[in-house]
Amino acid sequence: MPIHDQGYRHWDGEIRQHPLRWWPIAQRGVMAVLPQRKVILLIVLAWLGPLVKGVTLYGKLRATDLLTQVLGDKGAEVGAKFFWGAIDQQGFIVLLFVVLVGSNLIAADRRFKALQLYFSKPLTPLDYILGKLGIVGTFLVLTVWMPVMLLWIFGLMIEPTAEFFGAVWFVPFSLTLYTLLLIAVAGLLILALSAVGQKGVFIAGAWIILFGYGPFQLVILLLRELSGQAFWSLLSVERDLEHVGAWFFGNATDPELHPVASLAVLLVVVAACYAVLRRRIRPVEVVL
Amino acid sequence: MNAPVLECQSLTRWYGQVIGVSTVDCQVGPGVTGLLGLNGAGKSTLFKLMAGQLRPSLGRVLLLGHDLSHHRGLFRWIGFCPEPDALYESMTGREMLVYLLRLQGFDAPESERRAQLALDRTHLADAADRPVAGYSKGMRQKIKLAQALAHDPKVLFLDEPFNGMDPVSRYESMELIRALGREGKTVMVSSHILHEVEEMTSIILLIQNGQILAEGNIREIRDLVERHPHQVRIECEDARRLAVDLLPMEEVLGVKVEAPLRLVVETDRPRRFFGRLPHALLSSGVKVRGFQTLDDDLKSLFEYLVEDAG
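Residue numbers (my numbering), protein chains in the order written: chain A, 1 to 288; chain B, 1 to 310.
Next up, chain B with everything else stripped away, as it sits in the complex (with noise of 0.2 angstroms):
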């Protein structure tokens, strides 16, 4: 069996008396991995353990088969794109590549040479020769995926990447680290939104407690998720009428008005429900102006899975 391009190995690390990361165990293979977990679950600690930015206090992390915290050579292998604004606001976004490739050890042509092809990977070129300190908050997330892939990784490491884009940005950003993934670079991203992951990848990790939850195809875990009752709030013109045509569908477990407006329909079936709504929305004639799953998010997942394991 082929050895996994990452590996950690019993990973631990406690800030005082606080668990951060409980002895996680998982590999990594070449791809796009979604690290996923709600606010405070150890996510952040984790990637910063697995991108060797924290050392662990106990456990190990492989890097292609090599410990991460003995050889700092093997940095030369990461891109990191850090979470916070991790920039220098004097530098124009050309500078500031081209210095951090320096530290790569590049000479100063070819740093200058891959920062061009970084700016051009990342759309950011037409804005590389202005401060860092006039970026928008997509550039700068930008700017930062930028420094992280122009060295030419085999790993890389983006923690919340999307964070502060434009749609057009976002959708930009996720071509081009599903590109990266296809590439058989091995690409980590962290995020606490389930559908922002999803298009990207299909393999997934789930951390909580700073403990791994769940870990394999984001399929699996949909299925899971769809086991369950799902809520859907709707905006409607009346929501009393709505919920009497509603009621009597099989699918439907039940329903409550919250307003005159809106009401909360629970279904064990949700595929079945969305496919028959239409229809019901139809015959009943009553106008809607909105629709929201109300379960249908990350929170909803952890406690399914969490109650699943229980």
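Isolated chain A, as found in the complex (with noise of 0.2 angstroms):
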């Protein structure tokens, strides 16, 4: 019979945190979700845009006299302009993606009291917040940054010049720091009602209602033009990006509201979801 030893071990071994942790459920999630053959289809529907912009993209530089014939276009100059164009039409699909896949993310693990498991691991909440926003964050990268900057590398092919250079240089930068955005602001707040709601269709309901879609848009705009005050705009988050990722493309869509304050709207509405998630994310559900 073997003999173990029954004593005390002392650990000496390493506690700190691995940094990828969260890693797994943002992999987990992705492939949980991607073989539906809805998120496929919308895939497909998320690059028909960019395609048709990449048509574009490439009459404008390429085929002008043909574009003037049939548009009667005088062949208008391709810039950041046009790139920030390419990730506006984008809006109804990041609308579709991040209700379709963030929806239950984590309303299904409060219903499977999954988060004893996961509490249970060498997790921190920031962990299974970041592998959460992981999931979203991969749906709106695959469907806003890849397309723009594949047309902007296409661009760049067609057009290898210094002054095509010179005026687009800065598209990759701004489009990575207004997809990190989109992700923060459209991401956690899926993810704050998700923590607070149970089914997921009424959080898919409030994020549209909350994230300025829809009749909220037009009482905004409303409010707006009866007392001729702009920043009943800040109100509405989905301007309030509009707004903010025109000015990394280097255009203002609202002279009378500066870009700043729509980013520290953003940025609050960024802190109060992290909030709500700080506190509802426990693995043990305490009702009193």
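Hints listed in this document are in silico derivations from the structure and should not be mistaken for laboratory results.
Ideal placement from N, C-alpha and C gives every residue a C-beta, glycine not left out.
Check each hint, because a few of them may be wrong.
Far from chain B by the CB rule (all over 12 angstroms, computed), these chain A residues [unchecked claim]: (1) Leu-34; (2) Lys-81; (3) Ala-162.
Simulated crosslink set (DSS-like; lysine-lysine; CA at most 27 angstroms straight-line) [stated by the list, open to error]: (4) A:Lys-113 with B:Lys-137; (5) A:Lys-199 with A:Lys-81; (6) A:Lys-113 with B:Lys-256; (7) A:Lys-113 with A:Lys-60.
The task is to assemble the complex, starting from two chains supplied on their own in separate frames and drawing on the hints.
See below:
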């Protein structure tokens, strides 16, 4: 019979955190969502817009004579604004992806009481949030960052001139910055709602309203028009993102509001969502 | 003196105005320890505090000499089997284990290897590639047990691990827990069934009203229980006749006929009574259909302990 040491064995091992502990959560989440037919269809749809933009880009840079004949276009200059337009047109796809992928991410874990299992592992709440955010983020990178980045590379390939490069060199930086901001705002908002709500459909509805789509957007515009005060627009997260995004690309969509004000609102939203998540994400739900 | 693997120091947890656990001080060493308590005694709260699932309002839990609430990395050495069904229904048993092992920091091949070992150890290998949604209650308990031990932790917390298990699974799981204890792991098992714990360990912690009522060897507790009158219900074909035959026995304090076919015997020396009972029954000639000891349960045990403490 084996004789085991029954005495205390002091543990001198490493108790530091692994910096990428969140990665398996993101990876597993993406792999669980990716094979779904509706998700594949949505990804295809998401790439249609940039594909059309690619054709337009080719037309503007290489076939201006033809374009002029067909559309009466004078062959408008291609600059950072063109790439911002490619991002901006992805708005509805972003909405669909966020609500489809994000609504149940934490709500399902709470339903299955899986948080107990997560937090019996050496995971911090931040690891868990980053992992879940990584799932939403992956799909936003797939539908916003990647196509626009390819569009930029395509542009440089067909117009490898210093003039063109000089006009669009900062696009990758602006694009990355905007995508990160989009992931942080849209992703954390859906995760916070998922940590509070139970049913995916209500979580999705709440996100659409809070993000500032649909009727809420109209109400904000109406209030702005009636009061003549531009600050009402700050209440729409979607408008704030658009405002800041355009600013990153060297444009201003709202001359009455400084983009920094919109950025400040977005940072407040991120901080509020993170606070909600830290409060709600616990291994054991204490009901008083 | 060697430091304990797990130590609770003045551990207290409030839920608003309600005290869940109050100033618990205890030490747990290697081997299997049973945490026993009635429903609502604070057993689950204490268990979750010890396993780091809840933060204490006061006091602290030391695991391997380190404060559990300050070192998240210590969870590498904890295996936790929760009482509720905390499972991903759409995953297969193997996928779930691999996923949870990846969260421990193992790479994919090592996670696969460890998952297979855990599945073999819990006798779940045949069902490993079926979705968890189709698992029976016993299999669900086993997969929870498998995920708790798959990463080879030093300390295991098993919250009511036998709930819903069939006798074979229960036996296999008890064997496994005993083996883990023999291997030198610290295994805490919570239960409200005394004999269940008794089959795995002789070391127990008894909790009531959020406080440790007794700790130590289960035999001492047994002896204490046996000093108190026991009640035995006997189902037989003629309760009145059997009552007349049993009453003269010196171990019998009294007999109550509950129904024509049922009586309750009170005895202050249960071991001696059970030793002499077969002879008494043969002499009486009354056919017996069944026995049930009425107060050899946890509730009586707690009542006796509280009585003794008083």
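Would the hint linking A:Lys-199 and A:Lys-81 be met if the CA-CA limit is 27 angstroms?
39 angstroms, violated
Are A:Lys-113 and B:Lys-137 close enough, with their CA atoms no more than 27 angstroms apart?
OK: A:Lys-113 and B:Lys-137 at ~16 angstroms, within 27 angstroms.
Regarding the assertion that A:Ala-162 does not contact chain B, is the least Cβ-Cβ distance greater than 12 angstroms?
46 angstroms, holds
May I ask you to check that A:Lys-81 keeps its beta-carbon over 12 angstroms from the closest beta-carbon of chain B?
44 angstroms, holds
Straight-line Cα separation of A:Lys-113 and B:Lys-256 no greater than 27 angstroms?
This hinted pair is violated, its Cα atoms lying about 48 angstroms apart.
A:Lys-113 and A:Lys-60 were given as a pair; does the straight-line alpha-carbon distance stay at or below 27 angstroms?
Violated - the C-alpha atoms of A:Lys-60 and A:Lys-113 are around 55 angstroms apart, more than 27 angstroms.
Can we confirm that no CB of chain B comes within 12 angstroms of the CB of A:Leu-34?
14 angstroms, holds
When the structure is compared with the earlier hints, violations turn up for hints 5, 6 and 7 and for no others.
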